[in-house]
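All chains, please: the whole structure from these sequences, using the hints.
Residue numbers (my numbering), protein chains in the order written: chain G, 1005 to 1232; chain R, 8 to 847.
Among these hints, one or two may not hold up.
Unchecked claim - Restricting the straight-line Cα-Cα distance to at most 30 Å, the calculated cross-link-like pairs of lysine-lysine (DSBU-like) are: (1) Lys762/R <-> Lys1142/G; (2) Lys573/R <-> Lys74/R; (3) Lys567/R <-> Lys692/R; (4) Lys834/R <-> Lys1119/G; (5) Lys641/R <-> Lys620/R; (6) Lys1117/G <-> Lys762/R; (7) Lys762/R <-> Lys1164/G; (8) Lys1119/G <-> Lys762/R; (9) Lys74/R <-> Lys690/R; (10) Lys834/R <-> Lys1063/G; (11) Lys762/R <-> Lys1141/G.
No lab work stands behind these hints, which were simulated from the structure alone.
Next come the chains, spelled out residue by residue.
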Amino acid sequence: MLNVNNIHKGYTDSHGTVPLFKQLNLQVDTGNSAAIMGASGCGKSTLLHSIASLSQLDKGSIELLTDDNSICISQLNQNEADVYRRDSVGIVFQRYNLIEYLTAIDNILLPAKHKQNLDINFIDSLCEQLQIQHLLKKSPSRLSGGEQQRVAIARALSHKPALVLADEPTGNLDPRTSDIVARLLFDLCKETKTTFVIVTHSAEIANMADDSYDLENLCLTKRMHQTT
Amino acid sequence: MILLLTLLLKTYRNTWFSIIVLIIAIATGAIGLSTVLNLNERASQVQNVRPWYDYTQFNHISALTAKKLTIEDYRNAKASIDAPLIALAEKTISLEKVSANEEKLQLQMIGVDSLSAISALPFFEDNQRTQVRELSSSRLFGNVVYMNSATLDMLEMSTNSFLSEMKTHNDIVVGDDLPNNLILADLSTFVRMEFGMNDSAQTINKSDTFSFDQTQTVTTNALPSVDISDLLLSAIIIPGDIPTEVTANIRNALPTHLVLNAPDNRFAATQMSESFQLNLLALGLLMFAVCMFIVLNAGNLLLHKRMPMLLTLRQLGFSRNTIIGVLFIELSFIALVVSALASIISQTIDNNLAQQLTPIIGQNELKTPLYVRFLQLAIVCVASSILAFVPSLKKLKTDLMGLTSESNAINRNALLIGSLLICMISVIALFLASGLSILLTSTATFILSICGLLLVLLPLVINRLKNALASSGVIVLLSSSAADSLTSRTSLAFCAFFIAVTCNIGMNLMVDSFEQATQRWLDQRLIADAYIYSSNELQSDSFSNQEGHTITVIPRLEDKQTYEGKPIDIFSYPNTKQYRDALAFQEASRDAWSLYENSIGIFVNQQFANMHKKSIGNVVSLISPANKTISDYKIVGIFYDYGNPYGQVLMPLTAFDNNSTRQVYALHAQPKLTQSKIDSLAKEKELQIFSAEKLVALSMRAFNDTFLITNVLNLVTLLVAAIALACTILVLMEDTRRQQFLLKSLGFSSVQIAKISLNQYLLLIIVGLALATPFGICVSWILINVINLNAFQWQYPLIVEPMVLIKIYALSVIIILLSIAIPIFTKSNRPISAELACID
Chain G
1005 MLNVNNIHKG YTDSHGTVPL FKQLNLQVDT GNSAAIMGAS GCGKSTLLHS
1055 IASLSQLDKG SIELLTDDNS ICISQLNQNE ADVYRRDSVG IVFQRYNLIE
1105 YLTAIDNILL PAKHKQNLDI NFIDSLCEQL QIQHLLKKSP SRLSGGEQQR
1155 VAIARALSHK PALVLADEPT GNLDPRTSDI VARLLFDLCK ETKTTFVIVT
1205 HSAEIANMAD DSYDLENLCL TKRMHQTT
Chain R
8 MILLLTLLLK TYRNTWFSII VLIIAIATGA IGLSTVLNLN ERASQVQNVR
58 PWYDYTQFNH ISALTAKKLT IEDYRNAKAS IDAPLIALAE KTISLEKVSA
108 NEEKLQLQMI GVDSLSAISA LPFFEDNQRT QVRELSSSRL FGNVVYMNSA
158 TLDMLEMSTN SFLSEMKTHN DIVVGDDLPN NLILADLSTF VRMEFGMNDS
208 AQTINKSDTF SFDQTQTVTT NALPSVDISD LLLSAIIIPG DIPTEVTANI
258 RNALPTHLVL NAPDNRFAAT QMSESFQLNL LALGLLMFAV CMFIVLNAGN
308 LLLHKRMPML LTLRQLGFSR NTIIGVLFIE LSFIALVVSA LASIISQTID
358 NNLAQQLTPI IGQNELKTPL YVRFLQLAIV CVASSILAFV PSLKKLKTDL
408 MGLTSESNAI NRNALLIGSL LICMISVIAL FLASGLSILL TSTATFILSI
458 CGLLLVLLPL VINRLKNALA SSGVIVLLSS SAADSLTSRT SLAFCAFFIA
508 VTCNIGMNLM VDSFEQATQR WLDQRLIADA YIYSSNELQS DSFSNQEGHT
558 ITVIPRLEDK QTYEGKPIDI FSYPNTKQYR DALAFQEASR DAWSLYENSI
608 GIFVNQQFAN MHKKSIGNVV SLISPANKTI SDYKIVGIFY DYGNPYGQVL
658 MPLTAFDNNS TRQVYALHAQ PKLTQSKIDS LAKEKELQIF SAEKLVALSM
708 RAFNDTFLIT NVLNLVTLLV AAIALACTIL VLMEDTRRQQ FLLKSLGFSS
758 VQIAKISLNQ YLLLIIVGLA LATPFGICVS WILINVINLN AFQWQYPLIV
808 EPMVLIKIYA LSVIIILLSI AIPIFTKSNR PISAELACID
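Okay, here's the thing in C-alpha cells:
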C-alpha cells in the first residue's frame, strides 16, 4: 500500500517560496492503481518524483507498505533511496526512457540484473504481452515512440517492483497508440498485483485507473469516473 | 554582424569554461611552438656564426706540446708550402683593479696576419669574408683594434690605465659582432702591443710595420731592440679544403716540432646538433597539433552550449553563413590576442630556459624581434584554430540545416583505404628518401596515417570487446556498451592521445635502446682500471714504482686527418686478447685481427662506414701516422662507436711514430686499482685520472642530460593530450546527462555511475594503448634505423623493454584518470533533484 500523508512541497523563485501542494494525502492499496490529473505546472510530476524519492519533501511522509516490509520513503538517505528505487520502484517517463547505448533487451534486463532477481520466463511473458519480441535486439534509436514506451513498460516491470510510477507515459504518442500502451500498463500492473500511480492529462487513461484524482488548490481531489 | 558578436559576447557568462579551455589550448600550443623556435634559433646561431678567427675550424699548423711556433716557422712554411697560410697569435691580458666591484678582468687579444688573410679571401665562407676584409683594410690606416661596445664601456669605466695607453697608440673601432672581453687586431698591431706598449722605454712608432714573410713590406722605423722573432704564434691557418695528397705534402714539409691538425668540428658537437633541433621542432609541432585537438574539442563544447541560441537566431532569420562567419571572426580575434600574449610569455620562458640549457644551446641572443615572432604565431594560430574549428562548424552547419548527424558521418571504408595508402607512401619514402627533413616529415605522415587507422580500428575493437563482455555484470555491461557508443564521438580526442602515446612509446624505446646499447658498449670497451687525460706527455715508467701494484700505461696515440673533406680521428688500438675481446663489431672479416696486426687492415666505426659508403673489404687511402705518406688500408672491421658524430679509424700502435699526439692513457694494474688508490695516484701525480666506472657514470649522466628536454616535452605532450580528452569528456558528460539521470532513477548510486563512466574511458584508454604499442614500436624502429642512421650515421639494436612500456602505460593511465576523475566525480555526484530538470 502507498500512503502519502500530509505532504508539503514548494519551490523558491525570485518572488519567494511558491507552494506546489500542502497537506496532500493519497492512499493506493497494493495492486490498485491511481491516476493524477491536473493543469500544467500544478505539481503532478513533482508528486510522482517525491514518491520515487527523486525529490525531497518539505514536510509530511510517504510510506510504501508491502507484504515483506515497510519503507518510509520520505526519510530515506541517498544510499537507501538508491536501493529503494532499485528494488521497489519501476518508473516510466514521458520521453528519453531508454538507455540509448543498450539494446531493447538489455534495457529490459537491466533493472532485474541490477536487483539480481532475473526471471527470464517472467520477462519473456512480459515481452509477449507487450508484443515486443521482434524488437529486442534493436537499439532505442531504431524504435518508434510507441515501441520505445512498450520497452520502457517492460523494463519498469521486469524486476517485479512493488510500485510502478508513470509520468505521462503516453504524452508523446498518438491517441490510438496511447490507448494501447496505457491499457497494457494497467493490465500488466493488475496482473502482477503491482501498485500503480500514473500522471496523465488524458481523462480516458485516468478512467482506466481504480481511482483518479485532480491536483488543484495544492491538494488532491478525488474525481468521479467519466465516460467520453 | 555586430549584433551577433554582441550576442556571442553575452554568452561568455555561461560558456566561460569553454572559452578558457580554448584560450589555454591555443596559448599552450603557441607558447610551446614559440619556445622551441626560440631555442632552435639560439642553437643554430652557434653553428652559423662561428667567427673566422677561430682557427680550430680550419686545417691548421700548431706546435707539439712544449714546443714553439714562431714567426720564423711561419716564414719557412710560407716558403715551402704551396697553400694559403695565415698566422694567428693569441694572448691573455690580465688587468688589475678594474672597478670598485671587480678586482680583475681578463681580456683575450687575437692578432691575425690580415694581409695574408685578404689574399686567401676566396677560401673563406661567405659570411666570414666581410669580417676578413674589414680587418685587412684597417692595416692601411695604421693601428686599429676592434672590440665590442660592452668591452669598451667596461674599459672606459675602469680605473686601470690600459685603455688610455692603448688609445695613444691605436684607433679603437667598435665591432658588436665580437664577443665580450675580446680584442681583435692585425698581427702588426698585436706585435706593437706585445713588445711596445707594456714597456715605455721601447715605445714603437704608430707607423711602424713588420715583415711576417719575405714578400711583405719590410720593417720601417722599427726600434732595433724589438726582435719579432720572439713572437709566439698560436697557429697557422690553412683555409679551404685540402686534398689528401696536399695534406701529405704539407706534413712532409713540416719540421718535427710542428703538426698539421684537421679542422675540429667538435665545437659544434657540444652544441645542439641539427638533428636534435629538428627533433625538438618535431616535438614542438606535435605538442601544437595536440593542442589543436583541444581547440577542436573546446569548439565542440562551446557550440554545444550555444546551440539553442544559434538555432533561435536561425529561426529569427540570421543566415547560416552569417552565423558561421561571426564565429570565425570571434575565434580569429581570440587566436590573435592569445598569440600576442604567447609571444611575450614564450620569450620570458626562453630567457630563463636558455640559462639552464647553456651547455646544449650555447649563449646566444635571440635575433628575431618580438613583433616578428608575434606575426609568425598569429598566422599559425589563426589558421590552425580555424582549421581545428572546421569539423565543429561542419556539424553546426548540418544542425542549423536540421540534418541528421548520420549524413555527416565518416565514411569508414574511404578512411581505411586513404590511411593505408598514405601509410604505405610514407613507409616507402622512409626507405627511399635520404634528407633528414623529408624523413622527419615522412615519420609525421606515418603517425598521422595510423591515426586514420585508429579511427577505423577503435570502434571495431571496442564493439568486439562489448560483445565479449555482454554476459558480465551490469556495471561492465554498461561501461562496455557506453564505450562502444562513445567511440565515434571521442575518436578525435583519442587521436590526440594516441599520437602522444605512440610518440612516447617510440621515443622512450629509442632512448632506452640507446641507453642500454651505450651502457653495454661502454662496459665492454672501457677495460682498463683507469684512464688519464693529460695534454702533457707521460712516460711509460711514470707509474712503475707503485707499492703493491704493477701498472702498465698504454697511451692512445692520435692523428687527426680529413677523409673526403670530412674530419676523422685515427686512434691506436692495442692488439692484445683483452683489447680484442673489448671491441664490439657490427661486422668483421674472418682474418680481421691478423690483417690489423700487420697494418694491412684497419677498423672503422659505423659513422665512417656509413658516411663514406664503405663496407668490409673496401680500400681507403689515408696518410700513415708514422711515415706521413699516403697508404692504402683495407677495412677489415666495422665497430660500434655510439655518441660520436665523426668518423674514426683504429690502427695498431705500430702504425704510429713516437711523435704522435697522445692525450689519453689507459692504466692496467695488477692487482686491480681501487678508487682510493686511483684518487691517491691522481693527487700524487697531479693528473686527471678517472676510473672506468666513473667514466661510464659520467657518460651516462651526459646521456641523460641530453635527453632531458625530449623527456619533458614528451610528458607535456601527454599531459596536453589528457586535457584534450578531459575536455571531450566534459562535453560528453553534458550529452549523457539524461542517460545518467535514467540510471539514477533505476537505482544506480553516484559511485556506481562514476564507476561506469571511469570504466568506459579506461576501456577506451586501454584499447588506445594496446593499439598504440605496435605503432609506437614501429616509430621507434624508424627513429633508430632511419632517422638516427641518417642524422648520426650509426644505429643500434631496438630493445623492446617491457618495463619501459609498463611505465608509459601507467603514466598515461594515471595522467588521464587524474584529469578526468574530477569532472566525472563532480558530475556524478550532482543531486538527483538537480538532474530532474534535464528530463523536462
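Next item on the list: Would you list, in rising numerical order, the hints stated earlier that this structure does not obey?
Entry: Of the numbered hints, all hold.
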